[in-house]
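Enquirer: Spelled out from the first residue to the last, the chains are:
2 protein chains.
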Amino acid sequence: MLERIHLAILSAIEEQGTLTQAAEALNLTQSALSHSIKKLEGQIGTTIWEKQGRNLRLTAAGKRIHALSRRLLPQFEHTELLLQQIAKGEMGSLRIGMECHPCYQWLLRVVAPFLEQWPAVDIDVRQEFQFGGLRALYDYEIDMLVTPDPLFKPELEYFPVFGYEHRLVVAKSHPLAGQQWVTPEQLSNEVLFTYPVEPQRLDIFSQFLNPAQCTVRQHKVIETTEIMLQMVASGRGICALPGWLVQEYESSLPITSLRIGKQGIMKSIFLGIRKGDERIPYVTDFINLAERTSQK
Amino acid sequence: MLERIHLAILSAIEEQGTLTQAAEALNLTQSALSHSIKKLEGQIGTTIWEKQGRNLRLTAAGKRIHALSRRLLPQFEHTELLLQQIAKGEMGSLRIGMECHPCYQWLLRVVAPFLEQWPAVDIDVRQEFQFGGLRALYDYEIDMLVTPDPLFKPELEYFPVFGYEHRLVVAKSHPLAGQQWVTPEQLSNEVLFTYPVEPQRLDIFSQFLNPAQCTVRQHKVIETTEIMLQMVASGRGICALPGWLVQEYESSLPITSLRIGKQGIMKSIFLGIRKGDERIPYVTDFINLAERTSQK
DNA sequence: TAAATTCATGAACACCACTCATGAATTTAT
DNA sequence: ATAAATTCATGAGTGGTGTTCATGAATTTA
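One line per chain: the protein sequences are A and B, in this order.
Taken in order, the first sequence gives residues 1 to 296; the numbers are from UniProt numbering.
Taken in order, the second sequence gives residues 1 to 296; the numbers are from UniProt numbering.
Hints may be right or wrong, so weigh each one.
Restraint-style ranges between C-beta atoms, simulated for each label pair [said to hold, decoys possible]:
| hint | chain 1 | residue 1 | chain 2 | residue 2 | range |
| --- | --- | --- | --- | --- | --- |
| 1 | A | G53 | B | G235 | 48 to 58 Å |
| 2 | A | E77 | B | A32 | 50 to 60 Å |
| 3 | A | E77 | B | A120 | 25 to 35 Å |
| 4 | B | Q75 | A | S93 | 54 to 64 Å |
| 5 | A | T47 | B | Q43 | 55 to 65 Å |
| 6 | A | E128 | B | L73 | 26 to 36 Å |
| 7 | B | G42 | A | T20 | 43 to 53 Å |
| 8 | B | Q75 | A | Q200 | 53 to 63 Å |
These aren't lab readings, by the way, just hints derived from the structure by calculation.
On a predicted model such as this, the values are computed, not experimentally measured, just so you know.
For glycine and all other residues, C-beta sits at the position ideal for the given N, C-alpha and C.
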C-alpha cells in the first residue's frame, strides 16, 4: 500500500539527490529508506529506482509516485497546519442561529470586530429552523443561538448579553403618541404589524394582549424592520420592537414609542451554546465581545 | 503525523455511519480504529470525533481530515492503478530519439498503429541532442534511438528494421539524369544540399566523396526534406536520400535518382535500446511493429 | 427490564519498520 | 594505479507500535 512515507522518500530523493542525504532529511537511516522502497517494490511489482553509477534514477513508476508526492505532500502539510490552528482554538467556524428578528442589526455590530480579531474563524448566520433554534443547537446545525427566550436545558448554557425594553411604536401623529404607557384595551382598534413568527413567540401577545384577553383589530405580518416602521410612520398601524431599535429610527422617521403596560415588557437577549463549547476560545471571545458591544 | 490510514478511517466512518462497520470495511477491528484515532488526537491536540448517542460525530478537525481524504484517497488509488499498469508493462512512455532526418516519415507509419495498440503508452519524439543520440540513450533522455549508424556498445542493443539504398537525387532535366550510377568526379561541379549535421555523418561524404578525395562545388544545408527536393527539382543542386523516400516524391516532382558509385551505398535503419529494456513488452512490440511495417 | 449495539479502554502479542553492521560498486583523490 | 571516500544494498536483530482480544460503560431497541 502506497503510504505517505513513500511519497516523502521519493520527494526527498529528488530534492536531496542521494538516498543518504534524503535519509538525513527525514531523520531516518539510509537503510530504512532502502528497505521501505524495496518492500513497496515487492508489493506493486515494479522497480521504483535503479542505480545509475552510484546514484539513483527513478523509473517510470518512481516518477509517477514522485509526481503524486508533489501534489499530495503539500496538502498533508497544509491540513496539519489547519489542525494545529484548530487545536489552539484559532480556527473554526461559528454558525449563529437567530431567533430574534430585530437582533440582526445588533449582531452585525458584534460580528464586524470579531472577524477582525479571528481572521481564521468563519461566521455563518442562519435564521430559519425546521424544528426551532434550540433543536438546531442540539443537532449541531448551529453553534450559537441568539434568542430572547432562553429555554434552560442541562446540556445548554446561556449568557445574557444585554437587557432592553420592548416598546410600542406609533406614528408621531397617532392618538396614543403623547402617553407614557398603553393598556391592552387601547390597542383593540389598532392594526398590529409583527414579524412572521408564531404569535405565542411574540411578547406583545403572550405577555400583554393574551393575559388581558384582548385582541387587535387586525394582525399583519411584515418581514423587514424598515418596511414595518415605514408603515407605522405613515399611520397605517403600530408595532412592538426593542427600545434600542426604535431609538435608531426616531430621528429619521416620524415615530415615537411608549411603554407596554404600566410595568413595561423588560427583556434580555441571550446567547446560547452547547455545554463544553465554552472551552473554545473564540466562542467565549464572541460572548465577551457581545457583552461589551452592548454596554456602550 | 497524518497518515493514509487516518484518511481511510474518517472516510469509512462517513460512508458507513458507524465505527464498527467502518472497521469491517477496512478489514480491521473496531478497536484498532479507535486506538488509531485516539493516538492521532493526542498528536494534533484536538478531538476528531465525539460520541453522539451511540454514534460518532466529526468535530471541526475531523471534518477537515475527512475533506482531505475525499481529495487525496482517490489520488492514492488512481496512482496505485497506474503502478499496476506499469508493472504489467501496459503503460509507460517511450521517448524516441531520431538521428536520421528522413526517417521521421517512416517513424510516423510505425507510431500510428503502436498508439492504437498501447493506449496507455505515451510516445515522445526528440530530434536534437547536445551530446549525440547515443549519449541521450545512455542518460535516459530517450528510451530508443532510430539511427542508420549503430555504434555497438555492450550496454546497448540494436535491431535492424529495414535496409535501403542511399541514392543521389537530381532533377529530371539534369545532365546526369539518364545515368545508372555516378562517379565522385561527376559531382565536382555540383551544388550539394544536405541536412544540417556534421559532414562525417553524411554517407555521401564519408563513403563516397572523401575516399575518392573529391569535393563538390558548393555544400548548402537545408532543414526540411520537402524544401530540399523542391530545390533539387528546380535544378539548383543535388542531394542524397534514401531510395524509398525519393520514390514517394518521384510522382509529384520532376526528379529522379541514381546509384551512388558502382556498388551503391547500402544502408540499414537500426533501433537501439538499452540492454534490459527488451523485457518491457511495449518496447519489443514497437520493434516488431517497426520490422513488420518496413517489410510491406 | 432485558437484549442488542454502540464506542472506549487495558493488556498482551505479533509483526514490522527501524538501526546496526557489513559488503559491493563506483567515484574521487593521492 | 592504488587507496580513500562515498554511494546503495542486504541480512540480522530488536524495539516500538499497531492490532487483536476481552471487557466495560453507555445508549438504543425490543
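Enquirer: Determine for every hint whether it applies to the structure shown.
Expert: Verification of the supplied hints:
1. Between A/G53 and B/G235 the beta carbons are some 54 Å apart, a value that agrees with the proposed interval 48 to 58 Å.
2. A/E77 and B/A32 have their C-beta atoms about 26 Å apart, which leaves the hinted 50 to 60 Å range violated.
3. Against the hinted window of 25 to 35 Å, the Cβ-Cβ separation of A/E77 and B/A120 comes to about 31 Å, which satisfies the hint.
4. A hinted range of 54 to 64 Å is violated for the C-beta pair B/Q75 and A/S93, which are about 26 Å apart.
5. A hinted range of 55 to 65 Å for the beta carbons of A/T47 and B/Q43 is inconsistent with their spacing of about 34 Å.
6. The beta-carbon spacing between A/E128 and B/L73, approximately 35 Å, falls within the hinted interval of 26 to 36 Å.
7. Evaluation of the 43 to 53 Å hint for B/G42 and A/T20 yields a failure: the beta carbon distance comes to about 33 Å.
8. Evaluation of the 53 to 63 Å hint for B/Q75 and A/Q200 yields a pass: the beta carbon distance comes to about 54 Å.
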